[in-house]
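Undergrad: This is what each chain is made of:
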Amino acid sequence: MRRLPIAFSRLLLMLLLALPAMLVAQQTGLKGRVVNARTGEPVSDASIMIKGTHTGVSTDAAGNFSIEGGSGRYTIIISHIGYTSREMAVSAGQDRLTIAIEQSSAQGDEVVVTGYTSKAKKELTGSIVKVSADEFRNMPMASPDQLLQGKAAGVEISSMSGTPGGGVTVKVRGTSSFSPNSAASQPLYIIDGVFANNTPLGSAGYGTEQQYGNPLADLSPSDISSIEILKDANATAIYGSRGANGVVIITTKRGKLNSKSRINFNTYYGTSKARRLPQVTNGPETATLLNEVWVNNGHSASTKPYADPSAVPTYDKLPYIFNNSAPTWNADLSLSGGDAKTSFYIGGSLFSQDGIVRPLSFDRRSVRINLDHQVNDKLKISTSSTVVSTKRKIVANDNSVGVLLSGIGLANLYPIYNPDGTYNYNTPLPNAVVQIKESDETSSGTRIISNIFAEYQVIPRLYFKTSWSIDYNDAMNRAFNSTTLNGPGQVASGYNSNNRQVTWINEQTLRYGLDLGDKHRFNFLVGNTLQKTSLTGFGVGASNYPNDDLQYLSAASQADWWSGGATQSSLASVFGRADYTFDNKYIIDVSLRGDASSKFGANHRWGSFPSAGVAWRVINESFMASQHVFSDLKLKASYGVTGSQETISEYASQGLWTGNDNYLGQPGTRPSQLANPDLKWEQTTQLNAGLEFALFKGVIDGEFDYYDKLTKGVLINKPVPMSTGFSTIAYNGGDISNRGVELSLNAHVLKQKDLSWDLGFNVSHNRNMIKKLDVPYLEPFSRKFIIFQQGYAVNSFWLWKQQGVNPQTGDAVYQDLDKNGVIDDRDRMILGNSNPKWIGGLNSTLRYKGFDFAFSFVFETGQSVVNWSTFFMVHGGTRVNGANGTATWGFYKRQLDRWQKPGDVTSVPRMGGPNKQQNYGLYTSRALEDGSYGRLRNVTLGYTLPQAVTSRLHIGATRVYAMGTNLLTFTHYSGLDPEINAGGGKGTVNGVEMFTVPQPVSWQAGISVTF
Amino acid sequence: MSKKIIITIVALAAIVLPSCKKFLDLSPKNDIGESEALNSKDRIERALTGAYSRLQDQSYYGFEWMNAVWLSDDNTTAVGAGTTDLQFDNHEVLASSNTMEIAWAAMYQAVNAANNVIDAVATVKDPGFTDAEKQDVSGQAYFIRALVYFDMARTWGGVPLVLKPTRGYDSTSNIAKSTTAEVYAQVLKDLNEAENRLPATLNRNIATKKAAQALKARLYLYLKDWSNAAQFAGTVIADAAEYSLVDPYDNLITVKNNTENIFELNFTPTDGNPLAGIFYPNALGGSYRIGPTQEIVTLLSDPTKAGGRSTLVGNSAGTAYANRYRRVSGDQQDDDVSILRLSEMYLIRAEAKAHQNDVTGGLQDLNMIRNRAHVLPAAAADSAALLLAIEDERRLEFAFEPFRWFDLVRTGRAAAVLGVTDARKYVFPIPTSEIVANRLLVQNEGY
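If you read the sequences in order, they're chains A and B.
Numbering-wise (the working numbering), the first sequence opens with residue 1 and increments by one.
Numbering-wise (the working numbering), the second sequence opens with residue 1 and increments by one.
Because the hints were derived from the structure by calculation, they are not lab data.
Check before you lean on any hint, since a few could be wrong.
Said to hold, decoys possible - Stretches of chain A that chain B covers, calculated by requiring three or more beta carbons in the stretch to come under 8 Å of a beta carbon on chain B:
(1) 481–488
(2) 918–929
Claimed, not checked - So these bits of chain A aren't anywhere near chain B, every CB distance computed over 12 Å:
(3) Ser44
(4) Lys256
(5) Asn264
(6) Arg521
(7) Ile588
(8) Asp758
(9) Pro807
As the list claims (entries may be wrong) - Here are a few chain B residues that face chain A, going by a calculated C-beta distance under 8 Å:
(10) Thr49
(11) Ala240
(12) Gly330
The structure presented is a predicted model; accordingly, all values stated were derived computationally and were not measured.
For every residue, glycine included, the Cβ atom is placed at its ideal position computed from N, Cα and C.
Just chain A, with the same shape it has in the complex (with noise of 0.2 Å):
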């Protein structure tokens, strides 16, 4: 103690010095209360100082404050973080002062929620990103993750596919696990407080990989006030082992104390189509193409299959698959306000959505309900709930036997109908018309999340919070396949099957502020979560219904499967945090977060996560006054550490045994998983340093970030030699290093009474690399070309390289690495990934009088995409009937510059012939593209009525607005969308396109009234 610096122990010091003064409960002196100026609301926590004192209290929840020490005339500071600072003169014994003030509009002064608290912008030393309602209304999409595509540096946001309701996968700063179970990658969502499952249950559709539905989707767009998104460490380490992915807080709108009840409604109609539909060969070209294969197979030409191929039919099945004017619907309807103890925020709202690929479709109905109400003075009591509905129609529509696979995959030669109006049966491939109007399969959910918190004052700037919350999800599958959509001499069949998942969480926190004197700024934070999670499923599958009719599983003759299970897990945690402010200059902050989960064996059971951060305002420094460019300045520097558990399952370290092993009817056991108990906690460091500024009094204000993350024992399943009778063990298997830089510029180019013009900018750079990785992990998607490999970064693309076709035989001549003549695996090369170099956002919001016009744009470069259809869709003949030489598979377009004759000059190899298995059976470099696009994600023009004409209709503020989604692509990507994820739920494939539905193009017009 006696070597502790001389600043320090005064501030000690002082702390022991004040906090007896402030627990003293005051008689006389000023008492009065603090509102805000626009909204007339009480402002909690606002300090008052006696200026030239260290005199200092805060307002309660209710705004109220009583300050002793002053006498006769004397000035007093009112201060809140997100309000302009205010002087005042008062005379001692008043006490029924009501001192009102303004909110700030500077950037720099903007309140964001970082963990477990709030904080002014200007005040953080990590790197938060906040997205508010505005910047995001109406638009037409599921799920409120999709609306951040482009609004904040650095996070990548795509969607899956153009399914509605389907999955998205958000980024935050690259990817830094790699895990089968997507939701493990992506970042911890907050809801309201709720750590919220984003673990899938349902699916939006089928295939190899399925298509999940998105369980952000049980979210109404239209109920969130604000998103924010926290990036580095310093910001996440207080999730601890939830934050390595960063952590989006979504925060839902509630009512205000003291207003007016408050009514708003608002109402939108779309259509949606696909931006492309895929170019396949008509009947003529299909059987001109076949016939060569024949013949250069070796067959002679009077035997070719077919004979004339011009009179050869084509049934196109494309209008039957793609909807051109697929609606999107969306209703909702709040109510707010409050009075002086109680507010409230209920609002519905009906979403629908037809997909641009029949039949799928999404429909949400959902309920909020947000209360608060002040108890007394120092209590606090509020509560965030909403109930879901949701409903999807869903049909395999992705790589094994979809709509869009047998669709687009069957030559276009059969009949979709016989003569006489039924179904043809008789195709090489399903007819995908009798799929799409035949099939009776849904997703039903039901989603519950609800948090109820009370908030004590204990003493002045003193609470304590406790929170408890339940997300409830349920998911019902359930499907009819008639006789007719089984086809001939085959029985109906159907399954129901049940998933719910269940998670409660506990968490208490007490926080304390302190001021001392007007330079020294003091906030502590700790506190405690228990969580629980638990998922159960079944389901059971039955066939040979007596008729069509009778659709419900009681009426089955035959059970086909059944299955049935559960899991659990848990997790303790503990954190703090302490932060410091010195004289609005120099801003320290530190906290640990501990956190046990049941997933680990018991020595490796806690991890910790620490982190620091300091910042500089700069801008607060004497020989900063005298300059006009900067009206802020801040320098700021984060290193901390975070985990992840969420990449492994629940009992990941044991060894374990499972049932339905069966054989003869009797049941059996067998090894399902290999022990390792030295399983623990994967840990990622993230260096965080950046820079924050506003020039020319706001007009421009802008962020600079530069990051380095290191993933250290990544979280795998590690590829083990299968002769152990095993394929993976759950391991610490590797490194994954995540570095970039993020900028964003925001201008307010003009700001009249009439007329605004705000722009903002964001553009982000990200190198992926895996630092180590003992075995390299072939994801086992498809025909095996994602490959994650040392020294490489994540997803990339392995692949034969295809130099060119040579022109006087028509083969594919490829790299030849080894140089021994012979072409096979030793001769594939990474030749790709699907990570983006650059992603960025481009947002312009114009204001004129009643008028609104604002665009998005987004865009991601350096990515590559693998065009997977094309290999199935260009197979120069390796899928025909091999018998006699007639169509399974059709064609693309592409297929057409096929080499044909020596002195052709082509991409396209020879169709069949000897070598058709070297030519198009290998996964060539013809299949991977540039994936690099720029989309204007949205267009909207909005008209405000002006008041006289709405005073006179008896309504309120009255918007209507037109929108456009997608409306202009640029890339060079020539499949149906650069945007897509044939992967679906599988977090280890990205930058695939295989018979995946695209993004969809749309239009939309509506109205929003509030009363």
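Following the hints, put chain B in place on chain A, whose structure we already have.
TA: Frame of chain A; chain B shown alone:
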């Protein structure tokens, strides 16, 4: 006031600390720990059931491994799904082939299951587990292990011999491969164990003494030990009370547990296989992935050659399809897979006799099979002619089963019949992922 703070902090601690360990100690409900899986007679028998189920795996006898084998012969051809199957059809198999990987994985799962049973029988302390029962249970596990290693040796040649159950992962999990001869020697050793331990009871769906003897006959045929091959085939043939040829041939397919079967993997609608759907055209509810070659269609349609076996091909609206597996509908899919049957024993003995220059004896056995098919008896002037006749007979008798590729390889006829002149292609590549995961493993020559 400060009291309140203290109370709050104490309350906070009270909630977190005491129950923490209990809160975090969760046990699985769908699975059990290794130590509980094999600690009694009942549980070891469940594990044995599981070992049979491993043979049924879709990657092994349930489809994929058989697919690799029959696509390599000249009876089947890839007509549907395309290029993966073409690798086998064209004998251009890549080490990265998914079929290779999943078959390899499934087979070693079966080995590990058998190893667990063998180990547990030897170490379990269950007074209710009699010696006779132990002999039976471990005998079945030895048979299963022998069958799997036999299949692995003929598929890949030498493979790593794992004979102990896997309990964890460390550097000893990497095992170098043994030679083909060493693997076959282990198979023989395991079959001797099985033969000694198994009871002479009749059950066509599980391993019995006769099944072990039948597999030994096949092993000796591969080892070109003609006298032992003939002897063990003869032992099974001699048991006429239990094993007899069925007539018509079609009953082999339509009647489960018919008298001809020695070891037949049982499938049920709830525990089925996709085999019929692979061959059946779409109009009949299949995916028509694999079709018959024109050559086999011609042979099977010739009454003088195929006789009763003509039902092995069907025709739907002009499309010829293999009709060996038939339970295509979603509520069926329960075609049994015959692994060892009496007709093979006759043909093994015929071949062994031909090699021992007993042409008459060989013809006699061969014609047992031709008689049953209702085609005229064969004649052969010498052993060479007889061997060719047996080769042709096996092609038809076991059409669309995993026989012909291995037959042509072991008789040295693959070059002449299939045109596969590169002898290194007579075994398949070890999957890339295994080479990568096990540093002691060396890829087969030519891959």
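Undergrad: Please go over all the hints and tell whether each is borne out by the structure.
TA: Going down the list of hints, with the structure as the test:
1. Using a Cβ-Cβ cut-off of 8 Å, 3 residues of the stretch 481–488 of chain A lie near chain B, which meets the minimum of three, so the contact claim holds.
2. Here the stretch 918–929 of chain A counts 3 residues with a CB under 8 Å from a CB of chain B, which clears the bar of 3, and the coverage holds.
3. Against the 12 Å criterion, serine 44 of chain A stays outside the reach of chain B, whose nearest CB is about 18 Å from its own CB.
4. Residue placement check: lysine 256 of chain A keeps its beta carbon more than 12 Å from all beta carbons of chain B (closest about 29 Å).
5. Every CB of chain B is more than 12 Å from the CB of asparagine 264 of chain A (nearest about 39 Å), matching its label as outside the interface.
6. The non-interface label for arginine 521 of chain A is consistent with chain B: the shortest C-beta to C-beta separation is roughly 20 Å, beyond 12 Å.
7. Consistency note on isoleucine 588 of chain A: stated as away from chain B, and its beta-carbon is indeed over 12 Å from all of that chain's, at 25 Å minimum.
8. The Cβ of aspartate 758 of chain A lies farther than 12 Å from every Cβ of chain B, with a closest approach of about 45 Å, so its non-interface assignment holds.
9. In this structure proline 807 of chain A is separated from chain B by more than 12 Å, as the shortest Cβ-Cβ distance comes to about 24 Å.
10. For threonine 49 of chain B, the interface hint holds, since its Cβ comes within 8 Å of a Cβ in chain A; the closest pair sits about 3 Å apart.
11. At about 26 Å, the closest approach between the beta carbon of alanine 240 of chain B and any beta carbon in chain A exceeds 8 Å, and the interface hint on this residue is violated.
12. A least Cβ separation of about 5 Å between glycine 330 of chain B and chain A falls short of the 8 Å threshold, and the interface hint therefore holds.
In summary, the one numbered hint that this structure violates is 11.
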